[in-house]
Structures are given as structure tokens and as C-alpha cells.
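There are 4 protein chains.
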Amino acid sequence: MEIKQKIAVLVDGMRNKIVERRRDFHQHPETGWTEFRTAAFVAETLSVLGYDVKTGTDAVKESAMMGVPTAEILKAAQERALTEGAVRGWVEKMTGGRTGIVAVMRFSDTGPMVGLRFDMDANDVSECHEATHRPYKDGFSSEHANAMHACGHDGHTAVGLAVAEILAELKDELHGSVKLIFQPAEEGVRGARAMVENGDVDDVDYMLGAHLGFKMQKTGRIACNVTGFLATSKYDAYFTGVPAHAGAAPEKGRNALLAAACAALNLHAISRHSAGASRINVGRLDAGSGRNVIGDKALLRLETRGATSKINVYMEEEALRILKAAALMYDVEVDIKKTGGAAGGSNSPELAQYLQDEAESLGIFDEVIGTCDFGASEDFSYFMERVQQNGGEAAYMMIGAGLAAGHHDSHFDFDEEALLYAARILTVSAVGLLVGKR
Amino acid sequence: MEIKQKIAVLVDGMRNKIVERRRDFHQHPETGWTEFRTAAFVAETLSVLGYDVKTGTDAVKESAMMGVPTAEILKAAQERALTEGAVRGWVEKMTGGRTGIVAVMRFSDTGPMVGLRFDMDANDVSECHEATHRPYKDGFSSEHANAMHACGHDGHTAVGLAVAEILAELKDELHGSVKLIFQPAEEGVRGARAMVENGDVDDVDYMLGAHLGFKMQKTGRIACNVTGFLATSKYDAYFTGVPAHAGAAPEKGRNALLAAACAALNLHAISRHSAGASRINVGRLDAGSGRNVIGDKALLRLETRGATSKINVYMEEEALRILKAAALMYDVEVDIKKTGGAAGGSNSPELAQYLQDEAESLGIFDEVIGTCDFGASEDFSYFMERVQQNGGEAAYMMIGAGLAAGHHDSHFDFDEEALLYAARILTVSAVGLLVGKR
Amino acid sequence: MEIKQKIAVLVDGMRNKIVERRRDFHQHPETGWTEFRTAAFVAETLSVLGYDVKTGTDAVKESAMMGVPTAEILKAAQERALTEGAVRGWVEKMTGGRTGIVAVMRFSDTGPMVGLRFDMDANDVSECHEATHRPYKDGFSSEHANAMHACGHDGHTAVGLAVAEILAELKDELHGSVKLIFQPAEEGVRGARAMVENGDVDDVDYMLGAHLGFKMQKTGRIACNVTGFLATSKYDAYFTGVPAHAGAAPEKGRNALLAAACAALNLHAISRHSAGASRINVGRLDAGSGRNVIGDKALLRLETRGATSKINVYMEEEALRILKAAALMYDVEVDIKKTGGAAGGSNSPELAQYLQDEAESLGIFDEVIGTCDFGASEDFSYFMERVQQNGGEAAYMMIGAGLAAGHHDSHFDFDEEALLYAARILTVSAVGLLVGKR
Amino acid sequence: MEIKQKIAVLVDGMRNKIVERRRDFHQHPETGWTEFRTAAFVAETLSVLGYDVKTGTDAVKESAMMGVPTAEILKAAQERALTEGAVRGWVEKMTGGRTGIVAVMRFSDTGPMVGLRFDMDANDVSECHEATHRPYKDGFSSEHANAMHACGHDGHTAVGLAVAEILAELKDELHGSVKLIFQPAEEGVRGARAMVENGDVDDVDYMLGAHLGFKMQKTGRIACNVTGFLATSKYDAYFTGVPAHAGAAPEKGRNALLAAACAALNLHAISRHSAGASRINVGRLDAGSGRNVIGDKALLRLETRGATSKINVYMEEEALRILKAAALMYDVEVDIKKTGGAAGGSNSPELAQYLQDEAESLGIFDEVIGTCDFGASEDFSYFMERVQQNGGEAAYMMIGAGLAAGHHDSHFDFDEEALLYAARILTVSAVGLLVGKR
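Chains as they are written, first to last, in numbering that gives the first Met the number 0: chain A, 0 to 437; chain B, 0 to 437; chain C, 0 to 437; chain D, 0 to 437.
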């Protein structure tokens, strides 16, 4: 039996397992950096399959983690994971939110290193409890307050485990090595950097990633040449001034509210860049306390974007200077925290073409789309950028899935058939690279 | 026995009653427009004393009420009042938050109408639960969440009832009439306008008001010529735009966050007024939702002030125009609500002098201060302004009281001895006017 | 002799005439809408060659003229033209600055209408008087104060006349018709709209235009597929407030200076457009009078741009609303004048390809560039847009020319050899279309 | 003959001389720091009268001069003065614009030092040439382009010389010493600081100053208790950025225009001061060049004021920080120059009372006004402040004068009778102090 056929049979045989795992993850969603239960399950499963599994400080560089919750939140999540059956040994390794996993299987001494990345985190969304919402109706909706898999990462993780199992099954027929990256905190583009800067993909020759749904909201459709990842940076700026009674002694205040307002306006006036799209948004501004008090506190949440990392760096530098100038303008302090970021970029054209050929030859997709302009941000771009900088190739697929509602919506759900399409194309693509088709 | 002496005796005899009532009010604090229990008790008590008592639509003009809570909050407060023993008949008359009371006693057909105003509402403060805090230690601290008498209005109400009782007692010796105003919602300067515009003080010849503490933080001290009430207006501006994804289609948004930021800056740039002090403060700005969404909602809480009502009107007109222009600037809607206001002004000099003479002749005050520049806002000013405009005289006293902490602080408490000083000077002053001393 | 060879010979024979005319125009530069002498010379010459010549109200729609000088300036320029030898009849027809010319020659009743556009106006620049500046050294520098051909339109006009003469010479070999457009006021993109809206190119099938130099600063180079014309609009906004003494009565002023400053900031904060490049620039802001007077006057000169006309319309609408909002913000008046504009667009690909083929086959160009992204604005785009909207094709060439200094610089000069290249490629292209090569 | 009567006779006898001198100064107006001809005449005249005269570096501290014209302008003015008959020796001493004069006469070894200050400079105004304008009609209007005595300093100087002459005449009857200060550059409040910081009034016990007209626009009226001098500071801020093409590469610019606009808005948003009037005005903003160029230059002319010097210092510090923050906001440079300043303050009450008594007892004034709230700025305040700080007394009078038009108007002229009133009251007041009346 030809290897592609074997894969078809193996995927079919795992149908129930994939769906059950997806539903289990769905029921126990964990937001960014708190994926203790999910990651422990992944680690344990891969370990049993024979993978060499690293996590905690071996997989994640602490200084490069962005947007990490408070120690209290991490601790509580860790305890909850244990309560919910996570293997203590793994969970303890992940202390501090270092829930990323790198799992390697070596098939031969020579041959390429093929990387695959799956993201595991859930959203800060409360899942809807309506009879028409399938996860609720079928009893697998979120059991965690204010957390929901509303973006499909539950499916990504389930698919990743299936790919891992099939590759292990086929190991005698493969060359080179496979490296599976299970990434925390993709939401808010917070997690990839800490794995990339840990060197996790420095030895990768081909890097693959995928997302269910998004711009392909129909099962059976696929796009293999994703371009136009917008580079982005996320910042929180905390302004601190001095309060004063606005009637009795306004001159004694130092006005953080006005500093933030001034910053917001001038941030939006950052000059356009002639080399391509640039973006700035102050999405949140909360300032002041009482009506009759000079506002002494302000928080501003903003993001920059650029068609390229270079344009984003330009936006970022402008933004940081403006925040400082706004603080100086009102004689207040500003504390700026980077809470997220992603690189710009596009799929490596040759690898994209290879994926497209595989998708077409598989014969299971109704529609294989050529180029898909992403126009948004995903921190897979960090892996992509690093691998491409090192001379490797990287590509990201959008795998069609019928959706019940848009991503991040409390009514989000997807057609679970799409999980099988994802498992098939990812395994086939990886195997092709591991048997030297390119 | 001379009448002043009688008053001294009567006040002394009421010492326990005054303190107990103050403590009862303290334990059951009711914030602006929800003073159902307090007001019902006042109404019932005055009615029993023989006063002609009006409340509800007879005392408060609904269209002039500012900063009224939602119907749900009012309803819940009304029910709580009943639970806590308020007389149902009075509480029902006050439906909608119309908790103001006007109580008149006619001593003779001719003679002056003497008005006294007492405010009844509590603050949006959670009372401290520390062993050193007397109300907590002595078991009369607030039983209501997020409500506390942290400004002394519990004392004002208790004093008002004492004055009422003594005047009723002395009624055969008095001429003219007395009109007692128990006002809701002084905090946020929300309540006086609705009583003034109802005509409640249109027939008043002499209008008296008082505050415990404030600039006289020592029991035994008093200031009788209070000047420099700052006129003020309070506004909430709600901006509504259209959200849009900040990366994918920013041009489709209509940015309420920037409209609010723009408004804040330009409001603070309103020109100074050459005729006297003017003030503007945007004390609160809350805008936007997610970092990557064009902010479609914003709330701005602001206030204007002026050394005179005229200057405040100038500030107000500028502010309202600027809010509309900021909305136009970003093509968003703005809904502006007036939530409070007070007039400017100063005590009538002759009446202030009369009060000062009475305070000095009483012999109980250690220190009778001349002029006290208020430099803040109190909506007693509306009563004062109306009476003065009609050719009458009005004056406000600051009656010293030792304080445990500043007004509006969760540790606030005052020396209850001050209640007796207040009852004495207010009764004596009113009686003097009612026996024709001026 | 083959027609292309004839053209080569004819162009060579006109070398001196072309250079002399260029130098004569250079010496008598006329800025936008004052090209009376230049246009009268063009009209007279074309008329003598047998063209049917229209000018004044027959060629230019007055209501669509933008950025027209004052009546005094126009009158003085008209008189100067007469003094400098212009034919009175033509000059009088052009009264009011309607100096555009449309000249048609009909070769056969059927066949295409081929349009060619040349611009005639000079810049508001004072020409340099240095020994190294060839026009000055050779005695043909500007004789008009504050006017100079610093963009090469003198060459364009001279080339246009040569093309006209050769086409007339070859008229028996041609089919269809040719329509020559000599356009005023290209600088500031002010003139094209008035000719397009007059319907001057409504019957044109192929529209050609060209510029010397610009992004092709080497003689012998050419680009035939110019893309990325930025649509643009130019506005002047005049704010009028009320002055007041800044110390004695600032509240009596209405501050036009702050209105303009506020407008400038908010204009630059217009949201990016996701469909392509957008631009905004306030290039000039002049406001106020004395330091101690509330500024009652302000002038703001701005422009918007867009990768497409649609994006530019978005920018324009935002800008106009913001200007009005800024006026409302400071209670001042604003008077907004549109002073220029151009459409967005790109060459018709087939026509561009045709031109490229002709350029290559001519054998005189060292370098035929493929696509050239313009990234700036030129009001030839209005002609292009109209012809393309009507189902015709339009294209613009950049014809290389060695430059002494950049465009609009007082040291600007170009290699006159380039005039011959321009005459050759324009005539050959037009003739090809007129003999039915497409 | 009593000394006051002598003074009356002497003043009357000088009537023609005073008027002629005033007209001569009027015809030869010299703006701030260029008063070479005027000052040389003053120096020569006082020297001849026996005064010890200092000028140049002996009278003016160069580092404290504000708003000094360029070297070219100073040089040209110096030469013009010589051409117009100024004594070369004096003019040369004044090189660099150091035109201030300090002239002392010592009457006795003991006794007070009485200072009188007169200002000499003209305005940057072109005098009107209408038949109804008396200076023009009578042939003594300004012979200097763009310079005019439109504020009455010509009269002040003429009066100062008369006072000097009479005091010299009466020297045997006087005790103590007199010190006459003839100050340059009062317009723009630029000159006083350089004399005060030179120590010119450090030994003065009583300091007198006066202005014709202003708030007393009727001959025969006088105000002796002038209060409410607003402290003020004048600044010019020059922003320098980097130009760039607004279409092709806006991100390469550094936008000085926006920096200035941002500064203007935020300057006007400086918080009010609770201790008294504060003012800010950006009276002039000129920025940018071409419409399509990122503006790389901007000039902002501003002033701050305060009811007291302390409030003005607060405004100044805020303003300076804001200017720097605006530069940082747009990554441009800012160069800030202080061009003027005055102190706040009020007349010494006792000295004001003395002056009022003298004015009343003289019997020549129709109306002696009590307190006059100035509400504007005059740099006499620097002298006043220094003398008061040293324990002395200082006062400023407004001496009524009928006016043809407001101060600084090109139609300004005053009733020359007022010169005699001024000479009388100033001499009498000084003499009174010098004979020990206080």
C-alpha cells in the first residue's frame, strides 16, 4: 500500500479519537500561558509515542514571554489542571506559564528536520449557553469561567496529536527528523517569540503551520500560499500623575488623563509609510477617577502593524517616542510594557507550491485556492521568519472549515470533519518532505 | 425664662435622641435619590410634630432632577426601605426618587417665612471595618454595600429633626412661618435644582443652611459669612461610533475613543475668563474595548466651574460646543447628560452679620470666624440664589466638628458634640428671625 | 521610404526649431492659467499647420478651473503677453486664464481618434543666475520674476509642436483623427479637470501623454508602463475668528489659530485605508498676528492622496468634515477652497505594451524599462481616467533626460537631446495608432 | 515762594520746550534697543544740566537684554542717528543697543534716593498719513519707515527731561539724591530687566513711574494707586524638522508643523492656577512651506501671564516643558528664545496714598481716581519689584490724556496739555520725597 493511502486509512481510524480529544480540550479551555492541563496531556501522549519531549525552561525562554498573567492566576490554573487530572510531573515543569512543548522524533541520521507548529490556548470569552450552540447542547461546552476555545486551537491540538501518532506509526519509512511545536499564548500574539528565542526552530529546514477556518470558512477548501502576515507589536502604557482637587487646586495635579488623550491623538497621526501598509490603533483608554479630581492614572492599550517587520519597527519606534513625549507634556510618568508581537512575512513560494501540489493530488479538497492575502497577524510568523532567515522554508495553510459563528465569538464552533482534512494534508505534506520529495 | 435659654435646655434634653437618630441614619445610609427610609422617617416625624408635610411630586420637579439612578436601582432601594421599616405611605409617594421634603409650620398670618435646608444623602463609599473606626467599633457602621455617610449628612438630618421639634415646642412664641427643606442628592450637586424649580423656596424671606466640619474641623468653631461658592455644572458625554478591525479595515470604523481624547484636550484649552476664576476638568475617560478594534464607545465625565454663575455658563457653553465638535470631528454620535450643578454666590452680608452676632452672643463657640472663602461647590447655592433674586436673604454656616478623617474618606467620622452646637445655633438663628430681630 | 524612417528624418530636420522654441518658452515662462503668450503661439502655429484650433471657453470649462490667480494677475499677464508679441486675437479669446488649446486634424472619416496631451505652464520659482547654469550662461534664462520652467514643460510644448507639424506633413498616409491638447496649469494639478469636464477627450480612443525626466533621469532611457498615479486633492482652508487682548479679555476672542492647529493634528490622524496607500499633508499653517492677541485668522494648505480615486475621495471627505469640526470646536468660520486635484490610475496595459514594443523596435533607446511605479500625482490622470471610463485606452511615458538638478529646483535644466527622443517616440506611437497597428 | 508754586511756574515756562521735544522725538521714532538718537539727546541734555550720566555697559547688562534686533539693524539705526545729528560720543557708548541711561544728581550726603523712570522707545507701526491726523497735518509725523510713537513714550521722554531740568534748578532746596532712568525697549517688555539686573535701582528708596493715557483717556484725570500688573513672559519657539515629499516618502520627514500645532493646543490646556489669574496665548504660528512637503520649520510666538510673578513662573515652566515635549513628540528640534518679560505687582500702598494726596492738593486734576486695576503688563514692574524687595516703595501713576485713537494704533495722538500735568505731578511728588515729606 502506498504511503499516502496508509495515511488515509490511519486518519480515518483516528476519527473518534481526534474528535473526542478536541471536545475534551474544548470543555477544559486554558487561556494563554495557563495551558497546563492541555500541555501536560500533549507531553504525556507524545512521550508515550516515543517522542523526545521538552517543556518548561527547556522549551520556553522566560525573558521573551509576553503578556504573562500574574503569579496568582498562573498558580490557580496550575492547581486546576491537577484537579482536572493532569500529570503532576509535567505540570510542575511548566511552572511560571512555560507551557510550550518541543517534541522530536529522529528517523535517520541524515535528512531534513521538518517542523510542525500547533497552538493550544483558548480565548477570554464566556461560551454561550444556548440550545442551538452545539458544544452546549452536546455537553462539551467550556467548564471554565471566562475561557472558551473560540478560535479552533482545540482542534489544532487534537490534529497535532493525530499527526504525531501517524508519523510515529510510519517511522520506518521516513528519513530525517520531525519536530512538533505545541505553542502557548497565540492569542494576543504572545507566545511564539519565547520559543523562537529559545532556539526551538533553529535547526528546522521546513516549517509548517495551519489554521482552521479564518478566511476559508467552508470545509473542503484550502489555501496553501498565505501571504501578507502583518507584523505587529502590542503595548500597554500606564501613565501615573498626581491627583488634585479640580476646583480648589488644579495646578497641583499632574494630569495623566490628558497625557493619555494627547498620546492617543498623536499616535494616530504617525505618518504613513511609503513602503507599504502601516497601522496604529489605540483600542482602549481608561483614565481618571472622580469627575472633580485631576486624573492621575491612565492606561492605554495599543498596537502597531506593518506590511513588513521593518515598517512595524518604524511604527513601534514612533509610538514609543510619542508615549514618552506625552508623559513629558503633562509631567507624568509612563511605564510601557510590550504584551505581544508578531513578524511580517509570507509563505516561502516553493514550499507553498509544493503544498498546493500535494493538496491537489490528494483529491479530497473541492477547492484549492492560490494565493490568500492574510492581512492580519499570527505569531506563526516568528517561526516562519526565523526558519527563512536560516535558509529554510516555511509555509502556513488555511484549512477550510464550516463555522457556526466568527472566530472569537461566543457562538463559535466548527465542522469537525475539517479536522480530518487537516490531519490528512499536514501528515501527507510532512511525510512527503521526510521521504525527500523536495 | 428667656427663649434662648429655653432652647439651650431643649437641645440638651434631646442630646440622646439626636445622637441615636444620627447613628440610625449612619447605619442605613442611602445615596442620592434613594433616601426612601430616611425621608419617610423625616416625613413621619415632622407630620407627627404638626408640620404640613409635602413630598414626591409636590416637593420635587421631576424634569429638573439630575443624575438620577436607574429605575431598577430606585425600585430596589424603595423595597429595602420598606424592609427596614419605612412607612409604606410615604415611600410610595416618593416613587421615582422624589425623596425631597418640604415641611411648613405657620405661627402667625403675618411675619417672615424662614427656610432651613438639611441634606440627607450618603456617599458611594464602602465604610471601613477597622477596630479604630468608631462607627464600626460601636456597631453603627453602614449596613448597605457601597454606601456610607462619609460627609456628615446623617448629622445634618438629625439636627434638622431636632430644630423642627424645638420650633414646634416654641410655636406660641413665634411669628411668621418656618419651612424645613430636607433635600436629597446633594452629593454630585444633583438635588437642589429640582426643589428650587418646584418653587419650594419662592416664598422664603430668610434662608439658612449649614455644614458640619469641612473648613471648620474643630468642634466649637464656626464661620457665619461663607463666600465664594463656585458655580458648577457636571456632565457625562457618551460617544458612540462604529467598531472595525484595526488591521483589516480601520477606515470602516468611526473612532469614539479619539473623539473623546480630542474633546478632553480641547476642553482643557477653553480660554480663561478675565472676570474671575474658571475651571474645567475631565475627571474620567473610559473608551474602547479590544486593543485591535477601533474604539466605538467612550464615556467622558466632566465638570465646569466659575467664580460666578455667569462665568460657569460661559464654560458650560464652550464645553457643550466642544463635545459636539469632537463628535463631528470623528463622525460619531454624542449624547450629553447634565448630571449635576450648583450656582455661584455668597452669603447675604447682613444676614451673615446677624448670624455672627448670634453666634458670638450665644457664648458657646470658642472661635467665631469672619469670612470663610468656600472655593468649592454646594447646591445650597441654588436655594441661596433664588431667595436672593427674590429680594430675600440667605446664608450658610460652617459649624466646626472634630473629624476622624476627611470628608468622603471611608474612615470619616465626626465629634457628635458638634450636633448640639449645630442644633443650638440653627434654632437660635431661626427663632431670632421669627421673633422679628431683623 | 518607410514611415518610421520618414519620421526620423523629419525629427532630425526640426532639431533647431525644437530647441529654439524650447528656449524661447524658457525665457518667457508663464505660470498656471497665465500661459497667454505660450498658448497664443501654439494656437497660431497649429492653425497655420491646418489644425482646427479651439481655445478659451471652447476648450476650458470655467467652473472646473482650480487655483486660478486673481483677476489683476491674469490681466497683467495678458498685457505682458501682448507686449512680448503674442497675437492679440488669440490672447483675447483666453481672457480669464482659459489658455487651454484643443487642436484637431481629421485624416479620414473613419478610424480612431488619437489624443496627445502636452502641458505648458511654468513654476513659481526664481531661476538661478549662476555662471554654471546653462540657461543663464547661454542667455535664455527666465525674463519673468518668480517664474521659471523648472519642470520641463517648455520642452513638452516644443515637442508637441514638432509632433503636430510632422503629423500634418504625413497626413495623406494617416487614418482617423488626431487631437492635440495643450494644457495649462499642470503644476498644482489645477488645469486638466477644466478640459476634461469640457468634454475635450470624450471622443478620444487612444490617449497619450509624456514627461521628460522625473524618474528617468538619463537620456536614452524610457518607461512605457507607468502605474500608480496617486489621486490627489488640494485644499486651502481659511479660518476666521475674532481677535481679543490675550491678557485683558481672552474669553472674548474666537481662536482661529487653535482651530487650525486642532485641524492639522486631527487631519493627520485620519485612519489609514486598507485598500491601498492614502496620504494627508498639511504643508502650511500660518495663523495669528501679535503675540498678545487671540489669533483671529489662519490659513491651512493641505492635500490628500490615494492609491485610487476612491481612496482619495475617502480622504477628502474625512478632511472636509474635520476642517468644519475644527471650526466648530473654536466657534470660528472656515472657508474651504479646492485648489487642485488629479485622479488615480495606471496606464492601460495593452497600450503600454504597444508603446514598449514601439520603443524597443525604434532602436534609439538604450534602456526600455518595464513598469514604473509613479507614486506621485500628475493631472494627465484625469484625461486617462475619462478615456478609460469611456472604453478607450490611455498611457503615459517617462522619457529619460539627463538633468542638471531636480525638478522644481532653481538650477533645473535638461539635456535637449531628450527632446528629439520624445518627438520620435510620440510621433511614431501616434502614427502607429493612426495607421491601424492596433 | 513756596516750592510747589515755583514748580508750577517752571513747568509753565517750559511748555514750548516740552512740546517741541516731544514732537522732535515723534518725528524721529526709534524702536526698542535702537533709541540711539533719543538716548544720545537725553544723555547730552542731562549731562549739561549737571547730572552724572551713565549709559552703554555701565547702565545695561547685556546678558539680560531681551528681544534685541540683529546686528545689522542695530548698526543701521546707529548710523541713522548720527546722520540725524546725534552726538557721536554717546552713540558709540551705546553700541549693541545698550541705550539705557542712568542719571544721578546728589543733593546732600544723607536723605533718600528717589528714582524716576521714563521709557523712550517707539512702536513697529507705520504712522497714518491722513489730513485729520495732527502729527501729519502739523508736519511732525514719523520720518522713519515702520516706526511710530504710538504709545506716548515721546511724551514720557520729554516730560522726563523737564522734570530733570526743574529738579536741577531746585537743587539747593532738596536733600538726598535723584536717579533718572531712561529705559529702552519697553514695548514687548524687553528692556527693564537689563537695567534692573545691572543693579541700577538697587539703591533706590522711592521709585516712581507713569504712563500717559491708557486707562485714563481724559486730560485732567489721574490714578495714583495702580494695582494688578500682570507678570508676563514672552517666548519665540523655533521648531526644526526634516522636509520630505508628502506623497513619495512622508515617513522620511520630521514634522515641525505638527509639533508646533501640538504645542499650541497643549499650551492652551495648561491648568488654571487657583491662586489667581493666569494666561497663555500663542499669538502667532507660522509653519511649513509647500503644500506637498512635510513642514520642516515652524515658529510659534507665545506669552504667559500671571496675577503674580509666582503664577507666571508656574505658567512659564509649564510652557517650556510643553514646547520640549512637542518637539520630542515629532522628533524635531526646538530652540526657545525669551524675548520679553515683566513682573507682577502693585503699587506700594503708602506711596500710592502719598501720590494721591499730592495729586489732590495740587488742585489741577478734575478727577483723582482711587485704585486702578491695570490688568496688563508693563516692565516698570521689574523696577517696582526690585525696590520693594529691597524694602523701598514704588508706585506708578496713570496720567490722563485725551487720545485721538487707542494706543498702538496708527492714528494715535494725545492732548499735549497732558504733558504739563505729568511734569507737574512727577516733579511735585519727587520734590516732596526729597524734602522729607514722608
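Hints in this document: simulated from the structure, not taken from any laboratory. Mixed in with the good hints there might be a few duds.
Pairs involving identical chains hold if they fit within one copy or between any two copies, as the list cannot separate such chains.
What the hints assert, rightly or not - Calculated cross-link-like contacts (lysine-lysine; reagent style DSS-like; alpha-carbon spacing at most 25 Å):
id, residue 1, residue 2
1, K251, K323
2, K251, K309
3, K323, K296
4, K323, K214
5, K5, K436
6, K3, K436
7, K251, K214
8, K217, K296
9, K296, K309
10, K214, K170
11, K436, K16
12, K5, K53
13, K309, K170
14, K60, K3
15, K16, K309
Note that the coordinates shown come from a computational prediction; the quantities given were computed from them, not determined experimentally.
Worksheet item: Which hints, by number, does the structure contradict?
Response: 4, 8, 9, 10, 11, 12, 13, 14, 15
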